[in-house]
Amino acid sequence: MFRIALLMLFRDRAKYAMLVSGLTFCTLLMSQQAGVFCGIMMWTTATLRNISSPVWVVDAKVQQVNEVISLRDIDVQRVRSLPGVAWAVPLFWSIVQARLPDGSFQAIQLTGLDSSSFTGRPAVMLEGRVEDLRLPNSVIVDQVALEKLQRKGIDARIGTTFEINDEEARIVGICHTERSFLGQPYVYTTYERALQYMPAQRKMLAYVLAEPKPNISPQEVVRQVNALPGLRGFDHDSFFRETMIWYIKNTGIPVSFGTVVLMGIIVGIAIAGQTFYLFVHGNLRYLAALKAMGAGTPKLVGMVMLQAFSTGFVGYGLGVGLAALFGNAVLGNGTPPFYMPWQVPVFVGVVIALICCFSAAIGVAKVARLEAAVVFK
Amino acid sequence: MNTSEPAVVCRDVVKTYGKGEMAVRALKGVNLEARFGELLMIVGPSGCGKTTLLSVICGTLRVDSGTIELFGQTISSMPERELTAFRARNVGFIFQQFNLVPTLTARENVSIPRLLTGASYAAAQQDAGTMLAQVGLAGREESFPSQMSGGQQQRVAISRAMIHQPRLVICDEPTASLDAAAGRRAMDLLRESARHQDRCVIVVTHDSRIFDYADRIVEMDDGLVNVSQTAPDYLRDHPYSHSQPKNHA
Numbered sequence: 001m002f003r004i005a006l007l008m009l010f011r012d013r014a015k016y017a018m019l020v021s022g023l024t025f026c027t028l029l030m031s032q033q034a035g036v037f038c039g040i041m042m043w044t045t046a047t048l049r050n051i052s053s054p055v056w057v058v059d060a061k062v063q064q065v066n067e068v069i070s071l072r073d074i075d076v077q078r079v080r081s082l083p084g085v086a087w088a089v090p091l092f093w094s095i096v097q098a099r100l101p102d103g104s105f106q107a108i109q110l111t112g113l114d115s116s117s118f119t120g121r122p123a124v125m126l127e128g129r130v131e132d133l134r135l136p137n138s139v140i141v142d143q144v145a146l147e148k149l150q151r152k153g154i155d156a157r158i159g160t161t162f163e164i165n166d167e168e169a170r171i172v173g174i175c176h177t178e179r180s181f182l183g184q185p186y187v188y189t190t191y192e193r194a195l196q197y198m199p200a201q202r203k204m205l206a207y208v209l210a211e212p213k214p215n216i217s218p219q220e221v222v223r224q225v226n227a228l229p230g231l232r233g234f235d236h237d238s239f240f241r242e243t244m245i246w247y248i249k250n251t252g253i254p255v256s257f258g259t260v261v262l263m264g265i266i267v268g269i270a271i272a273g274q275t276f277y278l279f280v281h282g283n284l285r286y287l288a289a290l291k292a293m294g295a296g297t298p299k300l301v302g303m304v305m306l307q308a309f310s311t312g313f314v315g316y317g318l319g320v321g322l323a324a325l326f327g328n329a330v331l332g333n334g335t336p337p338f339y340m341p342w343q344v345p346v347f348v349g350v351v352i353a354l355i356c357c358f359s360a361a362i363g364v365a366k367v368a369r370l371e372a373a374v375v376f377k
Numbered sequence: 001m002n003t004s005e006p007a008v009v010c011r012d013v014v015k016t017y018g019k020g021e022m023a024v025r026a027l028k029g030v031n032l033e034a035r036f037g038e039l040l041m042i043v044g045p046s047g048c049g050k051t052t053l054l055s056v057i058c059g060t061l062r063v064d065s066g067t068i069e070l071f072g073q074t075i076s077s078m079p080e081r082e083l084t085a086f087r088a089r090n091v092g093f094i095f096q097q098f099n100l101v102p103t104l105t106a107r108e109n110v111s112i113p114r115l116l117t118g119a120s121y122a123a124a125q126q127d128a129g130t131m132l133a134q135v136g137l138a139g140r141e142e143s144f145p146s147q148m149s150g151g152q153q154q155r156v157a158i159s160r161a162m163i164h165q166p167r168l169v170i171c172d173e174p175t176a177s178l179d180a181a182a183g184r185r186a187m188d189l190l191r192e193s194a195r196h197q198d199r200c201v202i203v204v205t206h207d208s209r210i211f212d213y214a215d216r217i218v219e220m221d222d223g224l225v226n227v228s229q230t231a232p233d234y235l236r237d238h239p240y241s242h243s244q245p246k247n248h249a
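Quick mapping for you: the protein sequence lines, in order, are chains A and B.
Per this note's numbering, the first sequence runs over residues 1 to 377.
Per this note's numbering, the second sequence runs over residues 1 to 249.
Just so you know, these hints were derived from the structure itself, not from any lab.
Where hints are given, some of them may not hold.
As the list claims (entries may be wrong) - Derived DSSO-like pairs (lysine-lysine); straight-line CA-CA distance at most 30 Å:
no.	chain 1	residue 1	chain 2	residue 2
1	B	Lys19	A	Lys377
2	A	Lys366	A	Lys15
3	A	Lys299	A	Lys15
4	A	Lys366	A	Lys377
5	B	Lys19	A	Lys366
6	A	Lys203	A	Lys61
7	A	Lys377	B	Lys28
8	A	Lys213	A	Lys61
9	A	Lys203	A	Lys213
Build the full structure now, drawing on both the sequences and the hints.
Here it is, written out as C-alpha cells:
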C-alpha cells in the first residue's frame, strides 16, 4: 500500500510540484542564508586563519582578534619569561592607507612578521618567496590586493611599487589568504619595516605570538599569560570561538540572518502545510474508500506520513543541492562569503523533518477522524 | 453455493444520528437475513435508512443496539482493528461514484484489496489484470479513470470489489451514474458473481429498472423493513414500482 501511496502523491503533479518546490525553496533559503552567515563568521576570524599561532597574547581588554589595543614592546619579553613558553615573537597589525601608482588610496591590513622566524607567514605563496621580505622596502600582497588593483586598471605583479605613508613598498611576492570581514587586502612585511611605515606611537605592538614548550599545552601557557597583569592569552581555538561569539553578541548579523532563516521556516510551513492539507483533503474520499475496504487507520496514517516525508526528502535534497551549487559558484568569486559546515545541512534537515511532521499531522488528524461510512454519502 | 445458509443476519438493529432534540433514528429495529448465493436488493424512498443499513452491515458504522452477524461472526461487537481486517478479507465494495483513485491506473485501483490482504505488489497487479480481462477491459489496464467511460469505470469498480473473492459484496446505487445499457452490463456482472460464487450480494438502489435482477427485494420505510419478498412476488405485488423487465439470463 505504501507504493500506492507514493503513486497517489507523484501522479498528483500540480500539488506534488507545489509541495516539492515549497520545501526546496525553504531548504534553499535556510541553507544558503546559514551558509552565508557561517561564511561571514569565518571572515571575522580570517586573521586567525591567515596567521597561524598556537597562543595569542593581547591586551587584557581585548575580546576578539579584530580588536587591537597596542602592547608595550617589553610585553614580548614578559611572555618569553613564562616557564611554559618555548619562544615568543612580536606581530604588528594595523589598517593603514596605501597610495597606489594611479594616485588613489586603498586601505590595507599591514601585517609585520618577526623578521628572523617569519612566524605567522602566509601559508600559501602564489608567487615569490617569504624570505624575500628581507629585501629593502619589500612587501607580500594577497590575491585580494591584486583583484582590487586590477579593478582600478593597475596590472600589479612582482616588482610593482606603491606607497605606505610616503614610504615605498615593492611587491616581492603574492600569497593566498582567507578573505577578512573588513575586506581589506593583507599586506605582509617584516615587523621592523611595518614600524617604519607607521607614524611613531608610544605603543605599536599588536600581538605576541607564542609557542608552548614540548609537553606543555597551549591552555597551560594561556593560564600563565593570564596571570600576568595587563595581558590576556588565547589559544587558537578559544580566540576563534571568542571572536565569533563577540560578533554574534555585538552585531546585528545573527538577527538579520536568523530572520531570513525564520522566514524560510514560515514559508516552508505555510506552503507545505497548506498544500499537503489540500492534497489530503482532496484524497479524503478515496482514503475513506480505502478505510471501508479494510485499510486500518494505522496503515492510512503510515501512507500519509510516507507521502509527507518523501516529499520532504526530495525537497530537502534539491534545496541543499541548489545551496551547494550557489556555494560552488560564489566560492570562485570569493564573495559573498559562503561556508557550509555539516551542522548546516543537519540543522536544515531537522527543520524540514519538523515541517513534514507538521504537514503530516494535519493530514493524519483528518485521516484519524475519517469515518469509512462517508463513502456511502 | 448454499442458498439456505444466512450470510448476513441483522437482529433488532437500531442506529441513531445526533443527540437530544436533534437525534434522528435512522434504523428502528431492523431484522434482515441475506443468504449465500443471493442477490438481495434494498429499496425504498430517500431517507428511509437504506444506506445506513448498508453501512452497519459492512461494519463501517456501529449500531446503537442489536446485532449484525456476517458468516456466523458477530461483527457489531468486534474490536475495530479486528473488524477492519475482517472487512478487508470478506467484503467487497461498489460505490455509487465508483470512488476509483483518479491518480491510479485501472490495474492499480483493482489491486488495492489484494494489497490490503497482504499480497505482494506484483501478484496483486497480475490478479488485477486477470480480473479486468474477465469484465471485458483487457487492454485498458493502464488507463486512468478519467480516460474511461462511466460504464468502464463501474466495471473497474466491480473488478476491485471481486478481486479478493469476498463473501459479501456491498453495492451502493451501482447503476445511478450509468446509462441504461451500462447499468444492465454492470448488473449482469453482479448477478453472475452472486450466482456462480459462494457469496452474497447486497444492492441498495433507487433504480427500479434493475429490480428484476434481484433474488429478493427488501423494501424499507422510515427505518424499518416493510416488505421482504422474492423478486417475482415483489414485482407482481408492486407493478408500478418498476419499468419493463429486462431481457437477461
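Hints, verified against the model:
A threshold of 30 Å between alpha carbons decides the hint, and for Lys19 of chain B with Lys377 of chain A the separation of about 20 Å falls inside it, so the pair holds. Taking the CA atoms of Lys366 of chain A and Lys15 of chain A, the gap is near 18 Å; set against the 30 Å cutoff, the hint holds. Proposed proximity of Lys299 of chain A and Lys15 of chain A is supported: the alpha carbons are some 22 Å apart, at most 30 Å. Taking the CA atoms of Lys366 of chain A and Lys377 of chain A, the gap is about 17 Å. The hint holds against a cut of 30 Å.
Proposed proximity of Lys19 of chain B and Lys366 of chain A is supported: the alpha carbons are some 23 Å apart, at most 30 Å. Between Lys203 of chain A and Lys61 of chain A the CA atoms are separated by roughly 15 Å; this keeps the pair inside 30 Å, and the hint holds. A distance of roughly 20 Å separates the Cα atoms of Lys377 of chain A and Lys28 of chain B; the hinted pair therefore holds under the 30 Å criterion. With a C-alpha separation of about 26 Å, the suggested pair Lys213 of chain A and Lys61 of chain A falls inside the 30 Å cut-off, and the hint holds.
For a cut-off of 30 Å, the pair hint linking Lys203 of chain A to Lys213 of chain A stands: about 28 Å separates their Cα positions.
Checked against the numbered hints given earlier, this structure breaks none of them.
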